[in-house]
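Residue numbers (our numbering), protein chains in the order written: chain A, 26 to 235; chain B, 26 to 235; chain C, 26 to 235; chain D, 26 to 235.
Be aware that a few hints might be false.
Unchecked claim - Computed list of chain C residues with no C-beta within reach of chain D, every gap over 12 Å:
id: 1; residue: K30
id: 2; residue: E35
id: 3; residue: E126
id: 4; residue: E134
Stated by the list, open to error - Calculated cross-link-like contacts (lysine-lysine; reagent style DSS-like; alpha-carbon spacing at most 30 Å):
id: 5; chain 1: C; residue 1: K108; chain 2: C; residue 2: K30
id: 6; chain 1: D; residue 1: K67; chain 2: C; residue 2: K67
id: 7; chain 1: A; residue 1: K67; chain 2: C; residue 2: K67
id: 8; chain 1: D; residue 1: K30; chain 2: B; residue 2: K64
id: 9; chain 1: B; residue 1: K129; chain 2: B; residue 2: K64
id: 10; chain 1: B; residue 1: K129; chain 2: C; residue 2: K129
Unchecked claim - Computed list of chain A residues with no C-beta within reach of chain B, every gap over 10 Å:
id: 11; residue: I44
id: 12; residue: D49
id: 13; residue: L58
id: 14; residue: K64
id: 15; residue: N66
id: 16; residue: R87
id: 17; residue: A105
id: 18; residue: K108
id: 19; residue: K129
id: 20; residue: E134
id: 21; residue: K152
id: 22; residue: G201
Keep in mind the hints are simulated off the structure, nothing from the lab.
Since the structure is predicted, the reported quantities are computational estimates derived from the model, not experimental observations.
The beta carbon of each residue, even a glycine, is placed where N, CA and C say it ideally should be.
There are 4 protein chains.
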Amino acid sequence: MRTLKKAMFEICKSISDCIENVNDEEVNRLVELLIDGWKNNKRVFVTGAGRSGLMGRAFAMRLMHLGYEVFVVGETITPAVRKGDILIAISGSGTTKLVLETSKIAKEEIGAKVVAITSYPDSPLGKMADHVVVVKGRTKSDVESDYLSRQMRGEHSPLTPLGTLFESNVLAFLDGLIAELMERTGKKEKDLEQNHAKPDGVVAALKGEE
Amino acid sequence: MRTLKKAMFEICKSISDCIENVNDEEVNRLVELLIDGWKNNKRVFVTGAGRSGLMGRAFAMRLMHLGYEVFVVGETITPAVRKGDILIAISGSGTTKLVLETSKIAKEEIGAKVVAITSYPDSPLGKMADHVVVVKGRTKSDVESDYLSRQMRGEHSPLTPLGTLFESNVLAFLDGLIAELMERTGKKEKDLEQNHAKPDGVVAALKGEE
Amino acid sequence: MRTLKKAMFEICKSISDCIENVNDEEVNRLVELLIDGWKNNKRVFVTGAGRSGLMGRAFAMRLMHLGYEVFVVGETITPAVRKGDILIAISGSGTTKLVLETSKIAKEEIGAKVVAITSYPDSPLGKMADHVVVVKGRTKSDVESDYLSRQMRGEHSPLTPLGTLFESNVLAFLDGLIAELMERTGKKEKDLEQNHAKPDGVVAALKGEE
Amino acid sequence: MRTLKKAMFEICKSISDCIENVNDEEVNRLVELLIDGWKNNKRVFVTGAGRSGLMGRAFAMRLMHLGYEVFVVGETITPAVRKGDILIAISGSGTTKLVLETSKIAKEEIGAKVVAITSYPDSPLGKMADHVVVVKGRTKSDVESDYLSRQMRGEHSPLTPLGTLFESNVLAFLDGLIAELMERTGKKEKDLEQNHAKPDGVVAALKGEE
């Protein structure tokens, strides 16, 4: 079999392993954070560097489709984070300097809730976050050094498919999370309508009106 | 099983189906286009809208790591396309207006080579491209209308996992393509060193020096 | 005097000429559109290509600081335009294909209000817009061809300071517009508080609390 | 006179004052750094946060038109900085955390040359840079706190035209710098052709062929 297909199978297998490792409690708490935030007009901010950041943007786009007030850190019209807002910080290694810096300010100076999506719950990001969701895929050897520092020095992740597995896993996980949010908010459609100023998003989507 | 895991399994299954459908001839020609372009100092441009655009960027980032001169249409320092350059146009439906417009100018006015990555070889993008690579995942019902027009009108793709499958498939495909490029250029390391002004990318990567 | 200073003086003189040419009626109507839109929970969208697009983003950032719900066309979390929303389309020549395409969909398919900011009220963009504000600076010779087409072909604007004057003028104009909006909404602070769900932006800014 | 015009006149006056304060020695050294870098195939990287970052991108776009190999920190295909590359760091206050962090890694870990464009040569950025060019406009009161931290906390610059003056000044300065670079490289056209692999940029531009 050609290399391209072998690599695609490894990506498949990695997502499959990732599903096995998804911790239901971690997911439950994340879903509740997001639904509670939505009911209370809190906003969601997404941050990540490099390819993890691109996967975060793909997630932010879907949240926006669902009716969330969501922003990507660093884009033009991203407002100030407020107390109680949710910051989704994506970093396979949990050591990405820019993501860590942003998360610290959001949590310590402002009182936002930081959710870390990382392969390493014991990483600096994992330790400082209010809530950690483990998504496997980043291998131990990538963990040591910092992204910004590595980017500047040209020390990229290995270019074999393995270097790529965290990003594929996190995209599949976040798309699964969107499906879960749709189902959960569907059950509570009425509550959402009562509690939220702009019910046109999720609710209209579920009614098939979007 | 919870919705999140079900959705992740559907994504897995979709990538698996996509592998079955990968056409070896289409891939061979794409790989040769990219390697020939690289040897002859041609540049690669990537274009796509919405989430397909984000997957295109993730691919561009890896090509850059490999040593390619690659640009994303619409970013700040993207230069003019020149004759013989390669434009990778990503659109599940093959009808995205912005992607079509860019591809037409690149091909008809400048003489660049347009590669369409789409679920529909008979779409407007598929028909006008110099080379088509079929990546399954976009369902027929999404094909009718145009992205820019849909975005403006708020008619997003369905939010069920199904709406998401083209993007997961195309990310896995493009990561597989990177693995294939690495292997192929590894075989021809010496030729590349002779023909290319900046051999530090692919070659150094393969020597484990990057 | 050295070239750098001469060029800066030309930019200064160009902004000064631009002020002479600002049409008070055009500005009044734009200010009213923006304030009415804000009172009625309409959103503002900004579009522009190349350097004009960057100036548009600098304006969008300030509108966001003022409390507007504002989006940049093409960024990750930009939602669908809705009827009655305002699209600020910035193009010196008034012929930029991408800006024209976006403006047509917004106006004709959705019923948004299109405001053209251009040097040429008789350009295609000027003619199709609901409201035109003339900002001088783009010279006649730049008007003929289309941006996307020119970018693809590498026909950039001349690199002498003259090529740059529309962008400097439009930045000064839009910053002046922000000052005007602040003064105008200051006068009507109470009305704004009554009519708007989130008065914390403009009002808090004017109270010096931001 | 209406507020919009008053604000535009303040911007004009600010640019005019800025011209008075331009230090010829600082400019000479910057121009030489850029021309030497170009001759020796060094790349230019641009970094800045918020509106300063947008002005930096407008400058990067012009440098690209001139034929420079230039990148914006944070965009998709930005490669690793290498020893001897030039980092243009734009920060009115000279305290922007993200800009400082990037500059430190570039200088201390990689050996790139950092050029600070700031209102405050004694700021942290000014002190650590290899070369400082002072562009007036940022008032003392803005200097205390950090941008990322301020953005997170919602403490934006004042919205009066004064808050805006550094950005207008720096845009005019950088456009003037482009004019200067064109004139200087015109004088040395032959040398450039001999020393640079891709003379098509500056040289063709000066011949009126672009």
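*Looking at L58/A again, its CB stays over 10 Å from all of chain B?*
Correct as stated: the minimum Cβ-Cβ distance to chain B is 15 Å, above 10 Å.
*Taking 12 Å as the cut and beta carbons as the points, is K30/C off the interface with chain D?*
Not fine: 5 Å to the nearest Cβ puts K30/C too close to chain D.
*asked:* If we take the beta carbon of D49/A, is the closest beta carbon in chain B still more than 10 Å away?
replied: violated, 7 Å
*Compute the least Cβ-Cβ separation between E126/C and chain D, then decide whether it is above 12 Å.*
holds, 21 Å
*Taking the minimum C-beta separation from E134/C to chain D, is that value above 12 Å?*
holds, 30 Å
*Measuring Cβ to Cβ, find out whether K152/A lies farther than 10 Å from everything in chain B.*
holds, 25 Å
*Non-interface claim for I44/A: all C-beta distances to chain B beyond 10 Å?*
violated, 5 Å
_Next pair to validate is K129/B with K129/C; report whether the Cα-Cα distance is within 30 Å._
Distance ~20 Å between K129/B and K129/C Cα, so the pair holds.
*Going by Cβ atoms, does K64/A stay more than 10 Å from chain B at every point?*
Given a closest Cβ separation of 19 Å, the condition holds.
_Confirm or reject: K129/A is not an interface residue toward chain B, with every Cβ-Cβ distance exceeding 10 Å._
Non-interface label on K129/A holds, nearest chain B Cβ at 26 Å vs cutoff 10 Å.
*asked:* Against the 30 Å threshold, does the CA-CA distance of K30/D and K64/B hold or violate the hint?
replied: violated, 56 Å
*Quick one, are K108/C and K30/C close enough, alpha carbons at most 30 Å?*
violated, 47 Å
Checked against the numbered hints given earlier, this structure breaks hints 1, 2, 5, 6, 8, 11, 12, 16, 22; the rest are met.
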